[in-house]
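Participant: Chain by chain, the residues:
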Amino acid sequence: MTSAPHVPSARQAERDAFRRRRTRRRVLAGVLSTVVVLGGLTAAVVTSPGWDRVRATYFDAGHARESFPLVRDAFWLNIRMFLLVEVLVLVVAVLVAVVRVVPAPFMTPFKILATIYTDLFRSVPTILVVLLVGFGFPALGLAGMPTSLFWLGAIALTLSYGAYVAEVVRAGILSVHPTQWASGRALGMSYGATLRHVVLPQALRRVTPPLVNDFVSLQKDTALLSTIGLVEGLRAASVYQAETFNFTSLCVAALFFVVTTVFVTRITDWFMIRQMRREAGA
Amino acid sequence: MTAMTSLPRSLGGLVAASALLLATACAPADEESDTASSGDASAACSVDSLPTVEKGTFTIATDDPAYEPWFSDNDPANGKGFESAVAYAVADRLGFGKDEVVWTKVPFNTAYQPGDKAFDVDVNQISITDERKQAVDFSAPYYEAAQAIIVLEDSEFADAKSLADLADAQLGAQIGTTSLKAIGQIEGAKQPRVYDDTTKAAEALRNGQVDGIVADLPSAFYLTAAEIDGSVIAGQFQVEGDATEAFGLLLEKGSKLTSCVDDAVESLREDGTLADLEQTWLAESANAPVLK
Chain A
82 MTSAPHVPSA
92 RQAERDAFRR
102 RRTRRRVLAG
112 VLSTVVVLGG
122 LTAAVVTSPG
132 WDRVRATYFD
142 AGHARESFPL
152 VRDAFWLNIR
162 MFLLVEVLVL
172 VVAVLVAVVR
182 VVPAPFMTPF
192 KILATIYTDL
202 FRSVPTILVV
212 LLVGFGFPAL
222 GLAGMPTSLF
232 WLGAIALTLS
242 YGAYVAEVVR
252 AGILSVHPTQ
262 WASGRALGMS
272 YGATLRHVVL
282 PQALRRVTPP
292 LVNDFVSLQK
302 DTALLSTIGL
312 VEGLRAASVY
322 QAETFNFTSL
332 CVAALFFVVT
342 TVFVTRITDW
352 FMIRQMRREA
362 GA
Chain B
107 MTAMTSLPRS
117 LGGLVAASAL
127 LLATACAPAD
137 EESDTASSGD
147 ASAACSVDSL
157 PTVEKGTFTI
167 ATDDPAYEPW
177 FSDNDPANGK
187 GFESAVAYAV
197 ADRLGFGKDE
207 VVWTKVPFNT
217 AYQPGDKAFD
227 VDVNQISITD
237 ERKQAVDFSA
247 PYYEAAQAII
257 VLEDSEFADA
267 KSLADLADAQ
277 LGAQIGTTSL
287 KAIGQIEGAK
297 QPRVYDDTTK
307 AAEALRNGQV
317 DGIVADLPSA
327 FYLTAAEIDG
337 SVIAGQFQVE
347 GDATEAFGLL
357 LEKGSKLTSC
367 VDDAVESLRE
377 DGTLADLEQT
387 WLAESANAPV
397 LK
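Residue numbers (the working numbering), protein chains in the order written: chain A, 82 to 363; chain B, 107 to 398.
Quick caveat, the hints were computed from the structure, so don't treat them as lab data.
Predicted model, so just to flag it, every value in this text is computed and none were measured.
Hints may contain errors.
Some chain A residues close to chain B (C-beta under 10 Å, calculated; not the full set) [what the hints assert, rightly or not]:
(1) T128
(2) P130
(3) V180
(4) V183
(5) P186
(6) L212
(7) G215
(8) A220
(9) L223
(10) T228
(11) S307
(12) T308
(13) G310
(14) Q322
(15) E324
Lysine to any residue pairs mimicking SDA-like chemistry, simulated, CA-CA at most 20 Å apart [stated by the list, open to error]:
(16) A:K301 - A:F344
(17) B:K287 - A:F344
(18) A:K301 - A:L171
(19) B:K296 - A:L158
(20) B:K287 - A:I236
(21) B:K296 - A:Q283
(22) B:K359 - B:Q240
All residues carry an ideal CB built from backbone N, CA and C; glycine is no exception.
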């Protein structure tokens, strides 16, 4: 700026001093209220009559150390599973959503099927889908049916979550203003090209938050695959718990789910912000 | 693992053998004192002084129908089947001849309810639990449940001769059971599949998602006979050092017979009669070979 040293006026100095005081007061108030509220809550938990038993049963350091490697190794299955299923779900969901919105009359039977699919699989509890696919599909004895529990589990979760996400994507497509369609067609694009290049990109970007919601939910539901015999993170923890009568291993498993969820959420936040900047700045 | 399970057994055999050697080889004085002490026991537990329900006879209860391989042909009095044989052996130890044993029918669920009993002992695969001990007396256990591996009869593992033959098998078991821990004791076994309950494990077996499921032998008899078509017990094995399910003879709470029946069961265990009967009725005739 200027080369001459800036000397604030007396009034300015007073103003600055006031602002500093105010900032100090606000920080103090923030710290104080945090300490009082969180400290009070902690104290209430820690001084409760059953705290010692709770700590020994749920938060025992020795059991945590012992069960950690078991849960960690098994959790690798959850990670592989949700990474695979998230891709499959996106494919299924976009297909189903597109089938449901396109107006072409010859698509009617597929629209009916797509509607039945979303209605059915959104209403049947995921654990039932897992059981029916995991135990029922192989019982059919059809040739070419996958027998690996991993793939059966992936199919079950894809069926269930595909239906949820299809509805989210459909809502996204419907939320794109009709003028966007009109513009695409006016530029000489075919219906398909308009959908592909104009509408879907906007729709998917718009539904990213609910999509992340569903994916986080999916990550947790990989634990349901334990019912068909897969030893994933939570099941490894329950096996440990059943042997030791201590629940700490379950909290260790919870930690793994928390870490993945926070990780995925932050990544998406960053991605979203980048998108928004690009759109605003362009 | 193989060595580990067989170790206690061979040890037990060693002890029994050396005891036998001692008994036969030692001076007559020893033998006399032996017979004297057992004479003492039988004095307290002699047929005449035993306060049985019916004087001079030993009344044994079991459920109707009585299932294989614990009984045979639903006739407890034929001496066939593991529990029938054990019951007669106990009666014999107490001094009752085969014709002095009377069988009576008592449903399983009513056996361990509190109250007067119309039998001296009940033998009906009754697990000894602390809760039941509140209401009834139990003898020393005459059977400690082994673990059994159930496979489909056309499975390559159906003819397993040893636990090592099962190393390549994908096994499954119910969560929180001794059976699940037992899989961990099979050397080189794959990580087991874990199921919420036996029904799901059984379905996985039918689907070929597991090669075999592990359950305690008594459950395995039931599962193979009634629940899973086309399944067989590939074999059984003992889990070491763990509180397994144990069956005891059930008596009225505070029964004066309990200590005598206890002694009889203990002596049957010590002289290897129980092990022989187990081998005969729960392994050979039940087609569940012992795997080591």
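Participant: Please flag the earlier hints that this structure goes against, numbers listed from lowest up.
Facilitator: 1, 2, 3, 4, 5, 9, 17, 20, 21
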